[in-house]
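Visitor: Residues per chain, in single letters:
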Amino acid sequence: MERDVRIGPGIGRGLKRVLAGVVFAVMGRGLVACARLDDRVRRDVGSWPEGTVVTLAIAPRGPRTSVRKQGGRLEAMGGRDDVEPTLLVTFKNVDGALPVLLGMKGVVQSFAEHRATLSGDVALGISLVRCLHVVEGYLFPDIMTRRILPRPATRQAGHLRAYAGLVLRTASLPTEGAAS
Amino acid sequence: MIPSYYEFANTAKVLSGEGAIENIPFELKNLRCARALVLTNKQLRGMGLVDIVLSALTDGGIEVGVLYDDVPVDSAVTVVNDVAAAFRDSGCDCIVAVGGGSVLDTAKGANIVLSTGATDLLEFRGADRLVGRYMTPFVAVPTTAGTGSEVTGAAVIKDTERHVKMGFASFNLVPDVAVLDPRMTLGLPPRLTASTGMDALTHAVEAFSCKQANPLSDAYARTAIDLVREYLPAAVANGRDAKARLAMANAALLGGAAFSNAMVGVVHAMGHACGGVAGVPHGDAMAVLLPWGMQFNLECAGPRYGELLLHLAGPDVYAGTPEAQRPAAAIGAVRSLLQHLHEVAGQPTTLAECGVSREQLPEIARVAADDGAIVFNPKDASVDEILGILEAAL
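Chains G and U, in that order, are what the protein sequence lines are. Here the first sequence is numbered in numbering that gives the first Met the number 0, starting from 0 and rising by one per residue. Here the second sequence is numbered in numbering that gives the first Met the number 0, starting from 0 and rising by one per residue.
Please note that the accuracy of each hint is not assured.
Label-pair ranges, simulated between beta-carbon atoms [to be verified]:
#: 1; chain 1: U; residue 1: T349; chain 2: G; residue 2: R150; range: 24 to 32 Å
#: 2; chain 1: U; residue 1: P361; chain 2: G; residue 2: L14; range: 43 to 51 Å
#: 3; chain 1: G; residue 1: D38; chain 2: U; residue 2: P314; range: 46 to 54 Å
#: 4; chain 1: U; residue 1: E229; chain 2: G; residue 2: G13; range: 30 to 38 Å
#: 5; chain 1: U; residue 1: E6; chain 2: G; residue 2: T153; range: 55 to 63 Å
Since the hints were made in silico from the structure, they are not lab data. The beta carbon of each residue, even a glycine, is placed where N, CA and C say it ideally should be.
Start from the sequences and build out the full structure, keeping to the hints where you can.
Guide: The following block contains the structure:
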């Protein structure tokens, strides 16, 4: 039997939402950093149509994070709620989101358990899942990624470089292969 | 196999057997409906199958507001919007869909448009999007035994601009009533009986081995495979065998309920892409690709395939096969069935026989890697690995 993953029943919901908001911010910037550092993410994001906005959110009225592809760049938009997502992934509640955000449960497993809904093009959703797998490979150590990724993590840059990349909010994308 | 968490829904009431169609008016009245939009295609009308349903409706006091028979072979966004408009304009209060996968998927697409008030289905792509929506009462009468669409929460609609079939998934899409009447499939030719039967088998095998498999979906999948093993050859050999037809209709329904909850994997991802890129009929793609997909998954899903040998080959073969050899024997049983169907009904056994060229394989692999089913496969599949499976199946 798979091990059920729950985050501290004793931790209050408010604290969990704050924690989720912090990890969301890191994840959004992590996606941007990986678009700069890693060919696989650059290739996937490069195929997204110009103007694509991808948003991860938690219901109801929980934290969110968005990234936007605009002008050949990928930009982290933080928790702004004034953007219309092209692709919206919404976790049904913070308890279902946190194990994924903290690297204790895989993104795919989360979808398999119906922990999140997906609004938008399924193919774009699959592309996002591939990107998040790469991001998780940089954010989390192997001892964690072995459990949550479909195959062992491979990295084209070190953890430190990836973490350093979190301070930047945008990444330039190659024009080749980009769809409009 | 017990997952730490799973969800399962199968909300359709099932009417199965001779005369099931005559009970549709009772079910519609139970759903407070009086005026139906009947959705079908011209071929089924020409075969007289729709007349059976129309007679049952009118005899039972249900008015037919619209008879829409322009559903194409592949359900398309434009047709879905057209059906929804016809429903609204004619004051209907329920949908009765008579047909195969494309008719039933068109009905689901129209139901999304009607329930959301949207003018365009494209706005509702995705998974679990229909939360809190009132769905139009919907009766599904399948005329093939394969898709299981009469009990699934999935719909595939073709986006003609991108040449890709789009997926919609929601438990809210499951029809209210599924009607399995052997009269609906008695006239299916052997070749179509074979390919649709292999589709049903693929649903069950993939549902049993995918990441979302759970005890309930397993029970459906195992029974579906038992029925396919016992009755598919009989239905192909003698299309007028009503018992075999009804059994295969049940197999398709069971497989549909299984995969609607447990999902499908790399075989369906490749099959959808073969349809979108090369126009391969879905059942043919499933028949050809299933053993190759199982071969690819063997290192991850071996024990599960080993369990399926009991259902694919029967208790004697299962008992006589050492445990370590059961997974490979299960794949062998699928190949044997496919070969039998090839010999008696001309079922294709390679992608080349389905009209796929080697030059199309890279594009098929690329599209398959973006298919929604791919992430639920028990083993991660890259574009190159998918290409390898396709080349083997060519």
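Visitor: Compare the structure with each hint and give your call.
Guide: Hint-by-hint comparison with the structure:
1. In this structure, U/T349 and G/R150 meet the distance hint of 24 to 32 Å, their C-beta atoms being roughly 29 Å apart.
2. At about 49 Å, the CB distance of U/P361 to G/L14 agrees with the hint of 43 to 51 Å.
3. One distance hint, 46 to 54 Å for the beta-carbon pair G/D38 and U/P314, holds here, with the actual separation near 52 Å.
4. Taking the beta carbon of each, U/E229 and G/G13 are about 57 Å apart, not inside 30 to 38 Å as hinted.
5. Between U/E6 and G/T153 the beta carbons are some 33 Å apart, a value that contradicts the proposed interval 55 to 63 Å.
When the structure is compared with the earlier hints, violations turn up for hints 4 and 5 and for no others.
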